[in-house]
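Residues per chain are reported as follows:
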Amino acid sequence: MNSGSLSQPFLLARGVTKTYVHRGWSHRGRHKALDQVDMALPFAKTVALVGESGSGKTTLAMCLAGLECPDAGEIWMEGRDLVSAGKRQLAAIRPQLQMLWQDSAAALSPVLTASEIVEEPLLAQLRASPRQRSEIVSDLFQKVGLRLEWRIRYPHQLSGGQRQRLAIARALASQPRLLVLDEPFTGLDLSVRGQIINLLLDLQATHALTYLYVSHDLEVVRYFADEVAVMHRGRIVEQAPTAELFVRPSHLYTKKLLSAIPAFAGIQGCAN
Amino acid sequence: MRYFGLRMGQALLLLVGVSLLSFVFLQLAPGDFFSEMRLNPQVSSETVDSLRQQYGLDRPLPVRYWRWLRSVAHGELGFSFAYNSPVAPLLGVRARNTLLLTSMATFLAWSAAIPLGVLSAASPQGWLARSCSLGSATLLATPDLLLALAGLMFAVRSGWLRIGGMASAEIDAAQGWLRIRDVASHLLAPVTVLVLGSLPILLRHTTSAMREALASPFVSAARAHGIGRTRILFRHALPAAMNPLVSLMGASLASLLSASLLVEVVMGWPGIGPLLLEAILNRDLYVVIGVVMLSTFFLVAGMLTADLLLFVADPRIRREGLA
Amino acid sequence: MIKSVSQPFAANVTSSVRVAPSAVLRVSGLTVDLAMDGEPEMRVLNDVSFALSPGEVLGVLGESGAGKSTLALSLLGLLPRHFRVSRGTVELGARQLLDLPETELRTIRGAEISIVHQDSSVLNPVMRVVDQVAEVLRAHNSWNMRVCREEARAILDTVGLSDGNISTRYPHELSGGQKQRVVIAQALACRPAVVIADEPTASLDITTAREILDLLIRVKDTFHTVYLLISHQPQILAYAANRVMVMYRGEIVEEGPTHGLFDSPLHPYTQALLLCSRPLQSEIALTAVKPHWPTIPTEAPDLRDFSRGCVFENRCLQRMEICSNQKPAKTILPGLHEVHCFEYEREDA
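Residue numbers (the numbering used here), protein chains in the order written: chain A, 1 to 272; chain B, 1 to 323; chain C, 1 to 349.
To be clear, the hints were calculated from the coordinates, so they are not data collected in a lab.
Even glycine gets a Cβ: it sits at the ideal position worked out from N, Cα and C.
Check before you lean on any hint, since a few could be wrong.
Anything over 12 Å on all C-beta distances counts as not near chain A; from chain C, calculated [unchecked claim]:
#1 Thr31
#2 Glu63
#3 Leu79
#4 Pro80
#5 Leu100
#6 Glu112
#7 Ser162
#8 Ser203
#9 Gln233
#10 Arg319
#11 Ser324
#12 Gly335
So, partial list: chain C residues that the calculated Cβ filter (under 7 Å) puts toward chain B [unchecked claim]:
#13 Leu76
#14 Glu102
#15 Arg106
#16 Arg109
#17 Val122
#18 Val136
#19 Ala139
#20 Ser142
#21 Asn144
#22 Met145
#23 Ile166
#24 Tyr170
#25 Leu174
#26 Pro257
#27 Gly260
Could you put together the complete structure from these sequences and hints?
Okay, structure coming up:
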């Protein structure tokens, strides 16, 4: 299947449904996190997934990243349905789907050094000699802008921005096609945020990566995403190119969301 | 509540399973109560056989099991050959003695562990913390047997404490306060040994739970609000540290019957321990099974209580089902 | 929502502290060092001076490493081990806080200076919400618990948690906004003179953040407090602060009225920082090819490398020879806008 063709989206989700069942002591219930979700991700572009907390954004992101299995529906990628794929097929596909988390410190093992963290995916997938692996690790370090002398550092010895770069390097080690970004810029200093955003943009251009960017920071979404999908209560209510969605939102909920962008008066030139 | 019903059902199944297994294992061991008698040339084998028949030891296993179950239903728990009486009243007295010993020891151990743990965690470099740590390490390394023997030797040599049995022969039940004092003086040595044996672990857990609680953001916030140190320790940090400790308390309850076996045997306390040992050596079948069942019951009850206590103590667990 | 400075000040260019007639809190030349075992000393705060006037909200803008939290802890006397105040004074009313013994400090903390934390994990998970507020009251008054609880309920009411149900709940049963209100209630319980709000809205979403800021502004006048509002987000300070102080690597680089500072930032760091937070309004944005998000070049220097010159020098696009040799002094410009930069010093001389 030609993943570069314009008509065929890179990833197509159809009718994805997921329900969580609670079995606690005092409370039982079913929570429908995803309800018949249809979504298409164009190749080598960024689609943002926005919505308030509880809308199901993270659940959908995890399903698309292969970390959760939907109860129903299909997720087509490169001619294969991830939901109905067998174990071995999934194991081959998984490396192509990588995820970047909001809390980089929690996502990186605190007992491994930086180079060990980046090397881990290589150990699982490649049949490379230790020297080859070491070369790949150095290469990745340079790609993400980390100094080589930091290879021996532990995550807690790195700053927030450096940790996020390390997480990106680890994700790149698997040679992914899709990168799911779960609010990776929150918690970073303003001046560092730009560096990480720029890095991701550069990598997208050089490696033809497709991004799914989950966020509720509409300012960055407006800048970073090519298309925006709005989620509300487990359903996608609207999906459109960014400029269009911000200027002419069609769904009621989208309008409501956009109007809540802070009217923090005072900074001159603030768009709203 | 359904959850508890489920747990109790499981507990019942466990008890049945344990009883079956006990029966099977004891059957596997060669010989029975009358095997010793066989060795005695003065007793004819016909006598032995008829005795066996009388006590039903020649019947097949399932039959014996069934008869035992019926005996349990009648509240008798089988029959002791050595004591020539139903097992239940025998167990009753001994269990009471053991519980007296262990509940006292558990209570004292916890009463010491909590304040010591709190204060140790409060000043980790202080003399109290260091001496507790050293003391715990030493006690942990010392085998229980050694502790029991040391206690015994001390009691005998110093003459301050009474040893052997629960009460002196001179004083009978009618003398109220004297009787209590007498029992207490007999209790002192075994209780001390038990406390010294269990205190180290409790202390370790309490100290580490408290240390973790003291490192929490809400404790620094309390300090920032100007709340006093003692208040923070006991009213803010300790309740938050109770979570792991409550489970431990349940485990303490669960082992009430079993923890003191060694001490009882060595120091002569008339509890379940010596009874069990005797019965095993004598092949007093139903006594052994009875003790095992009782211990299992306590274990399960203790665990269930621990869960219940946790439910009561930690508000977060009560709402587990909700986000 | 932006109030201009309400009182006329005597702007004295040569003195190092703005002379305010009735400052509630005055900090002069505060310098804090950190000495870990086996490592050279790091200067975490360098010569920090500012004052809080009655009814004022002073915003502190800075990123991680700026020293904002260290500043907050210094004011409360809660600096961790290895931190040392090398120089400077902190005056609350007539008292010198840095000289006070721990016992006296404990009566001041929570009662005259208190702190609102960003993370609501500062709430005890096994204590009811009303008790947590009552505990603060109990620590500073000689009332019994019942009276403390009643008063606590009244304060919870003031911060918007008037539902009787809520006060008997535990923190995990409340939403993020509600928990933050409880934290605010704890800080205001004893009607302190100064409240330090350390990133009070960092973990909240936009709408709730605005509600919390509105609440803070509303109770400020009721309780007659002043705020030191710390944040890394300029829009928060633009909304709620009268004056803003920009910190970088332990030093104040610029200070001025909110409006003036955000409209025309003077210091290169402030300019770059504000650019980073609103790229779409900058001139270099909006071309067909997705432009790069503005960022500040290179990295902030390691804290251990204490430079003799300006802290921002290695990343400043307008740096000059003198910037690496000396620290710029304070220049006061019209509109009570102060900046530490040689760029302006030249003109002023």
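Any CB of chain B closer than 7 Å to the CB of Arg106 of chain C?
holds, 5 Å
Can we trust that Gln233 of chain C is non-interface, i.e. its beta-carbon lies farther than 12 Å from all of chain A?
At roughly 8 Å from the nearest Cβ of chain A, Gln233 of chain C sits no farther out than 12 Å, so the non-interface label is violated.
With a cut-off of 7 Å, does the beta carbon of Tyr170 of chain C approach a beta carbon of chain B closely enough for the hint to hold?
holds, 5 Å
Minimum beta-carbon distance criterion (7 Å), Val136 of chain C to chain B
With a minimum Cβ separation of about 5 Å from chain B (threshold 7 Å), the hint on Val136 of chain C holds.
Minimum Cβ distance from Pro80 of chain C to chain A greater than 12 Å, as the annotation requires:
Fine: 17 Å to the nearest Cβ keeps Pro80 of chain C off the interface.
Hey, does the Val122 of chain C contact hint survive, CB to chain B under 7 Å?
Since chain B brings a Cβ to about 4 Å from Val122 of chain C, closer than 7 Å, the hint holds.
Hint Arg109 of chain C vs chain B: min CB-CB distance below 7 Å?
holds, 4 Å
Interface hint outcome for Asn144 of chain C [beta carbon to chain B under 7 Å]:
Violated. Min distance 14 Å.
Does Leu79 of chain C really sit off the interface, with its C-beta more than 12 Å from all C-beta atoms of chain A?
About 21 Å separates Leu79 of chain C from the closest Cβ of chain A, which puts it past 12 Å; holds.
Please check whether the beta-carbon of Glu112 of chain C is more than 12 Å away from every beta-carbon in chain A.
holds, 30 Å
Claimed clearance of chain A by Ser162 of chain C, with the beta carbon kept past 12 Å:
Given that every Cβ of chain A is farther than 12 Å from that of Ser162 of chain C, nearest at about 25 Å, it holds.
Can we trust that Ser203 of chain C is non-interface, i.e. its beta-carbon lies farther than 12 Å from all of chain A?
For Ser203 of chain C, whose nearest Cβ neighbour in chain A is about 10 Å away, the distance does not exceed 12 Å, so it is violated.
Hints 2, 8, 9, 14, 20, 21, 22, 23, 25, 26, 27 from the list above are not met by this structure, while the remaining hints are.
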